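Protein chains: 2
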Amino acid sequence: MERLPGFRDFYPEPLPHTDVWSADARQYIFEKWRSVARRFHFREYDGPPLEPLELFTTKSGDEIVGQLYNFTDKGNRSVALRPEMTPTLARMAAAHERNYKKPVKWFAIPQLFRYERQQKGRLREHFQFNADILGETDPAADAELIALLIDTLRAFGLTERDFVIRLSSRNAWQDFYTKGRRGQSPAAPNGGKEEYEFFQVIDKLDRAPESETARKLSALGFSLPDVRRFIASGAPTPELDAILRNLAARGMKDFARVDYRVIRGLAYYTGVVFEAFDATGEFRAIAGGGRYDNLIKLISGGRVDLPALGFGMGDVVLLELLKARKLLPSFDARVDVFVVIQDEELRLQSLKLAEDLRCAGFVVDYPLTPSKPDKQYKRARELKASFTARLESDEYVRITNPESRKEIVVGVGDAANHLN
Amino acid sequence: MERLPGFRDFYPEPLPHTDVWSADARQYIFEKWRSVARRFHFREYDGPPLEPLELFTTKSGDEIVGQLYNFTDKGNRSVALRPEMTPTLARMAAAHERNYKKPVKWFAIPQLFRYERQQKGRLREHFQFNADILGETDPAADAELIALLIDTLRAFGLTERDFVIRLSSRNAWQDFYTKGRRGQSPAAPNGGKEEYEFFQVIDKLDRAPESETARKLSALGFSLPDVRRFIASGAPTPELDAILRNLAARGMKDFARVDYRVIRGLAYYTGVVFEAFDATGEFRAIAGGGRYDNLIKLISGGRVDLPALGFGMGDVVLLELLKARKLLPSFDARVDVFVVIQDEELRLQSLKLAEDLRCAGFVVDYPLTPSKPDKQYKRARELKASFTARLESDEYVRITNPESRKEIVVGVGDAANHLN
Numbered sequence: 078m079e080r081l082p083g084f085r086d087f088y089p090e091p092l093p094h095t096d097v098w099s100a101d102a103r104q105y106i107f108e109k110w111r112s113v114a115r116r117f118h119f120r121e122y123d124g125p126p127l128e129p130l131e132l133f134t135t136k137s138g139d140e141i142v143g144q145l146y147n148f149t150d151k152g153n154r155s156v157a158l159r160p161e162m163t164p165t166l167a168r169m170a171a172a173h174e175r176n177y178k179k180p181v182k183w184f185a186i187p188q189l190f191r192y193e194r195q196q197k198g199r200l201r202e203h204f205q206f207n208a209d210i211l212g213e214t215d216p217a218a219d220a221e222l223i224a225l226l227i228d229t230l231r232a233f234g235l236t237e238r239d240f241v242i243r244l245s246s247r248n249a250w251q252d253f254y255t256k257g258r259r260g261q262s263p264a265a266p267n268g269g270k271e272e273y274e275f276f277q278v279i280d281k282l283d284r285a286p287e288s289e290t291a292r293k294l295s296a297l298g299f300s301l302p303d304v305r306r307f308i309a310s311g312a313p314t315p316e317l318d319a320i321l322r323n324l325a326a327r328g329m330k331d332f333a334r335v336d337y338r339v340i341r342g343l344a345y346y347t348g349v350v351f352e353a354f355d356a357t358g359e360f361r362a363i364a365g366g367g368r369y370d371n372l373i374k375l376i377s378g379g380r381v382d383l384p385a386l387g388f389g390m391g392d393v394v395l396l397e398l399l400k401a402r403k404l405l406p407s408f409d410a411r412v413d414v415f416v417v418i419q420d421e422e423l424r425l426q427s428l429k430l431a432e433d434l435r436c437a438g439f440v441v442d443y444p445l446t447p448s449k450p451d452k453q454y455k456r457a458r459e460l461k462a463s464f465t466a467r468l469e470s471d472e473y474v475r476i477t478n479p480e481s482r483k484e485i486v487v488g489v490g491d492a493a494n495h496l497n
Numbered sequence: 078m079e080r081l082p083g084f085r086d087f088y089p090e091p092l093p094h095t096d097v098w099s100a101d102a103r104q105y106i107f108e109k110w111r112s113v114a115r116r117f118h119f120r121e122y123d124g125p126p127l128e129p130l131e132l133f134t135t136k137s138g139d140e141i142v143g144q145l146y147n148f149t150d151k152g153n154r155s156v157a158l159r160p161e162m163t164p165t166l167a168r169m170a171a172a173h174e175r176n177y178k179k180p181v182k183w184f185a186i187p188q189l190f191r192y193e194r195q196q197k198g199r200l201r202e203h204f205q206f207n208a209d210i211l212g213e214t215d216p217a218a219d220a221e222l223i224a225l226l227i228d229t230l231r232a233f234g235l236t237e238r239d240f241v242i243r244l245s246s247r248n249a250w251q252d253f254y255t256k257g258r259r260g261q262s263p264a265a266p267n268g269g270k271e272e273y274e275f276f277q278v279i280d281k282l283d284r285a286p287e288s289e290t291a292r293k294l295s296a297l298g299f300s301l302p303d304v305r306r307f308i309a310s311g312a313p314t315p316e317l318d319a320i321l322r323n324l325a326a327r328g329m330k331d332f333a334r335v336d337y338r339v340i341r342g343l344a345y346y347t348g349v350v351f352e353a354f355d356a357t358g359e360f361r362a363i364a365g366g367g368r369y370d371n372l373i374k375l376i377s378g379g380r381v382d383l384p385a386l387g388f389g390m391g392d393v394v395l396l397e398l399l400k401a402r403k404l405l406p407s408f409d410a411r412v413d414v415f416v417v418i419q420d421e422e423l424r425l426q427s428l429k430l431a432e433d434l435r436c437a438g439f440v441v442d443y444p445l446t447p448s449k450p451d452k453q454y455k456r457a458r459e460l461k462a463s464f465t466a467r468l469e470s471d472e473y474v475r476i477t478n479p480e481s482r483k484e485i486v487v488g489v490g491d492a493a494n495h496l497n
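Protein chains in written order, with the working numbering: chain V, 78 to 497; chain D, 78 to 497.
Treat the hints with care, since some could be wrong.
Treat identical chains as interchangeable: a pair holds within one or across any two.
Dumping the calculated DSS-like pairs for lysine-lysine here, alpha-carbon to alpha-carbon at most 30 Å [as the list claims (entries may be wrong)]:
(1) K109 <-> K461
(2) K178 <-> K403
(3) K400 <-> K330
(4) K461 <-> K403
(5) K449 <-> K179
(6) K374 <-> K281
(7) K179 <-> K374
Treat the hints as calculated values from the structure; they're not laboratory data. A quick note: this is a predicted structure, and the numbers were derived from the prediction, not measured.
Kindly produce the complete structure, drawing on both the sequences and the hints.
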C-alpha cells in the first residue's frame with residue numbers, strides 16, 4: 078500500500094531512500110522557527126487544518142481557488158484543507174481580538190494543502206512558518222516583522238551573502254496604476270477588477286512571455302517600457318524608506334532592498350509586500366508576505382477593523398537551500414549513555430540504572446534482550462554513545478568514554494554525576 | 078464566519094473564551110511528550126494526515142470504519158483523514174524496515190480525525206502521542222514501552238496516586254475463549270469472526286447493559302458469571318508476570334496491575350494490551366495500546382513480518398486530568414527584557430539594543446510606536462518583564478529589575494551580561 082501522491086513520509090535519519098523526508102530535519106526547522114519567534118515575543122496559535130470552503134474562496138483571489146484541496150463532507154458541508162493560514166488567523170483574530178493588547182504578534186506552523194493537476198514530484202502539502210502583526214499601521218510594524226524574517230533565516234546560518242529581502246509596495250503600484258489610467262477611459266474604482274488584473278500581470282513579469290505581457294498591459298492601457306522604467310527607478314516610498322532605516326539601525330542594512338518586481342499574487346494585500354530570495358536566484362522564493370489591512374474587516378463582515386501584516390516561509394525551499402549551502406547538521410541516531418548488560422544476573426538492576434539516568438535527563442538505551450558484550454559495545458559505537466555504563470555488581474558501575482577510553486568505577490547512585 | 082463543528086482553535090493565553098483552547102498548553106504537552114520519548118531513545122517520524130481509505134478500512138476492525146472522516150478527492154481517489162497512526166506506521170515500516178536496526182523505537186505526535194454523527198461538544202480531531210517498538214517479541218519490549226508511558230505521565234507531575242496502568246492480554250482471553258468453545262459446536266478458527274465478537278462484548282462489559290451482555294455471551298457459548306470469575310482471578314500470564322517484574326525493577330511497581338477487563342476494541346491487537354486510567358475513574362482512558370504482531374505483515378501483503386507494539390495518548394483527556402489535578406503551569410505572556418524608549422531621539426539605537434539582546438537569546442519586546450514612559454513601564458509589568466532596559470544615551474543603558482527595583486547603568490555593549 079502506497080501513500081497518496083504529493084504527500085510526504087518523514088523518517089528518522091539516516092534516511093532509507095531518496096523518496097522520503099527527514100523527520101529530524103523537519104523538527105530542527107520547526108524548533109528554530111519557534112525559538113526565534115519567541116525571542117521576538119511572537120506568541121503561538123493554531124486553527125483547524127479543515128475550514129469552511131467559503132473562508133478561502135471569497136477572500137484570497139483566483140490564484141488560490143483553482144488549487145484548493147476541497148470536498149463535501151459527510152454532513153454535506155463544503156470544506157477545504159487549508160491552503161494558507163491568513164484567512165484562519167483573520168477569522169480567529171476577528172472572533173476574540175478584544176482579549177489581546179495591540180499590537181498582537183502571533184505565529185503558527187501549520188501544514189498547508191493544495192490540489193493541482195498532478196505534476197511529477199509536485200507536493201500537495203507543505204509546512205509553513207507564519208508570523209503576523211495585527212493592530213498597527215506604522216511601518217515600524219513592517220520593519221519588526223521583516224527583522225523577524227531576517228533573524229529566522231540567520232538562525233539557520235544563512236548570511237547576507239545567501240539571501241535578500243526584496244521590498245515592494247502595493248501603494249506604489251496603485252499610484253502608478255491610477256496615474257496611468259488618468260485621462261483614459263473611465264478609471265476603474267480603486268481595488269477593482271482591472272487593477273487586480275494589472276497586479277497579476279506584474280506578478281508574472283519574470284515568468285510570462287514578453288509579448289503576452291506587453292499585449293495584456295496594452296489592453297489595460299499601459300506600456301511594458303513604462304512598467305520596466307518604474308521598476309528600474311526603484312525609488313522607495315516614504316513607508317519603504319522608514320522600513321529600510323529601521324532595519325539599518327538593527328544592523329540589517331545589507332539584507333533588504335527595494336525591488337518593485339515583487340507584488341505578490343494574493344488579492345488581499347494592500348501596502349508593503351516583500352519576498353525573501355536566495356542570492357543566487359536558483360530557488361523559488363524562500364518566504365513572502367505583506368500588509369493586508371482590509372482582510373479582517375472582510376472576514377468579520379465589517380464587525381472588526383484591524384490593520385495587519387504577515388509572512389509565510391515554507392519548509393521545502395528552505396530545506397533545499399540549507400542542503401545546498403551545507404547548513405543542515407547531521408541527525409544520526411545518538412545517545413548520551415548506552416547501558417551495557419554483561420552479566421544477565423544484573424539485568425533488573427541495569428534497568429533501574431537506565432531508568433535513573435533517564436530521570437536525570439539523559440538519553441539512554443540498552444539491549445532489550447541478552448546479547449554478547451561485543452555486540453553491545455558495537456551498538457554503543459553505532460549510537461555514538463557519549464558514555465557506556467556497565468554494572469560491575471549491585472553497587473558499582475563502570476563508566477567508559479568510548480572516545481577517550483577513560484574509565485571510572487563509581488557507586489550506582491553516583492553515576493549521573495560522572496556523565497559529562 | 079465560524080470554524081467547522083468539532084474542530085478547535087488554539088489561542089495564546091490568557092484564553093479569550095471558554096470555547097477555545099490554549100496553544101500554550103498544547104505546546105507544553107507536545108514538548109513533554111517529545112522530551113521523554115527522546116530520553117527513552119525513541120525517534121520521531123510522521124506520515125501524511127491524508128491516506129488511502131483502504132489503509133484503514135481493511136485492517137482496523139468495525140470499531141473505526143463507522144467513524145472515518147473519508148471522502149473522494151478531485152482525482153477520484155477514496156481517501157480518509159487519518160483516524161489513528163498505527164496503519165501509517167505499519168505502512169512506513171514495511172516500506173523501509175531494512176534501513177533500521179531492530180528493535181526500532183519510534184514516536185509521532187499526529188493530529189487524528191473522526192467523523193461521527195454530531196454530538197454536542199464532541200471533538201472531530203485530537204492530537205495523539207504515539208510510541209511503538211518494532212521487531213521484538215520479548216515482553217522486555219512491552220515493559221520498555223509501558224515504562225515510557227509511565228514516565229511520560231510522571232513528567233507532568235502525575236504520581237501513582239493519580240493514575241494506574243491496567244495490564245491485560247489477548248492471549249489470556251484467547252485461551253479462555255478456546256477452552257470455552259471446546260466440545261461445543263465446531264470451534265471458530267483462531268482470530269475468526271466469532272472470537273472478535275466475543276472480544277467486542279468483553280470490551281463493552283462495563284458500558285453495556287448486563288442483560289444484553291449475558292445474552293450475547295450466551296449466544297457465543299459463554300456465561301457472564303464465568304467471564305466475571307476469570308476477570309476476578311486476575312492471574313497474570315507468564316508474559317504479564319515478566320512485564321510486572323521488569324517494571325518493579327525500575328521502581329514502577331505501584332503504577333501497573335493486571336486487569337482483564339481491558340481488551341481494546343481494535344481488531345489488530347494480538348498479545349499484551351493495556352490502558353492508563355486516572356485513579357478516581359472520573360475520566361475516559363488516558364492512553365491505550367498493545368501488541369499487533371500481525372499488522373505489518375497484513376499491510377505489506379505478507380512481504381514484511383515484524384512483531385510490533387505501541388500506545389497512543391490523546392491530548393484531550395490528559396489536559397482535563399492535568400487541569401483537575403492543578404498540574405498545568407500558567408502560560409501568560411512574559412518577556413525577559415522590555416526595552417523602554419523614553420527619548421524618541423534614541424529609538425533607532427534602542428532597536429539595535431533590542432536586536433542585540435534577542436541575538437543573545439533573550440525574549441525582548443519594545444513599543445513599536447512612541448508612547449508615554451508610564452504606559453511603557455505598565456506594559457513591562459503586564460508582560461512580567463524580568464528586566465527593563467532604557468537607553469540613557471548612545472552609550473549607556475539603565476537596566477532595572479522591576480521586582481527588586483535594583484537598577485544599574487552599564488555600557489550598551491555590556492547589557493546582556495547584566496540580565497540575570
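> With identical chains treated as interchangeable, where does the CA-CA distance between K400 and K330 reach 30 Å or less: within a copy, between copies, both, or neither?
Replying inline: The answer is within: 26 Å in one copy meets 30 Å, while 48 Å across copies does not.
>> One pair to classify: K179 and K374, alpha carbons no more than 30 Å apart. Within, between, both, or neither?
In response: Within one copy only: 16 Å inside, 56 Å across.
> Given a CA cutoff of 30 Å, do K178 and K403 count as a within-copy pair, a between-copy pair, both, or neither?
Replying inline: between (41 Å within a copy, 27 Å between copies)
> Using 30 Å as the alpha-carbon threshold, which applies to K374 and K281: within, between, both, or neither?
Replying inline: within (28 Å within a copy, 50 Å between copies)
>> At most 30 Å between alpha carbons: which applies to K109 and K461, within, between, both or neither?
In response: This pair counts as both: shortest intra-copy Cα distance 24 Å, inter-copy 24 Å.
> How would you label the pair K449, K179 (within, between, both, or neither) given a Cα cut-off of 30 Å?
Replying inline: Classified as between: cross-chain Cα gap 16 Å, same-chain 64 Å, threshold 30 Å.
>> For K461 and K403, with the copy left unspecified, which applies at a CA distance of at most 30 Å: within, between, both, or neither?
In response: within (22 Å within a copy, 40 Å between copies)
The structure shown violates none of the earlier numbered hints.
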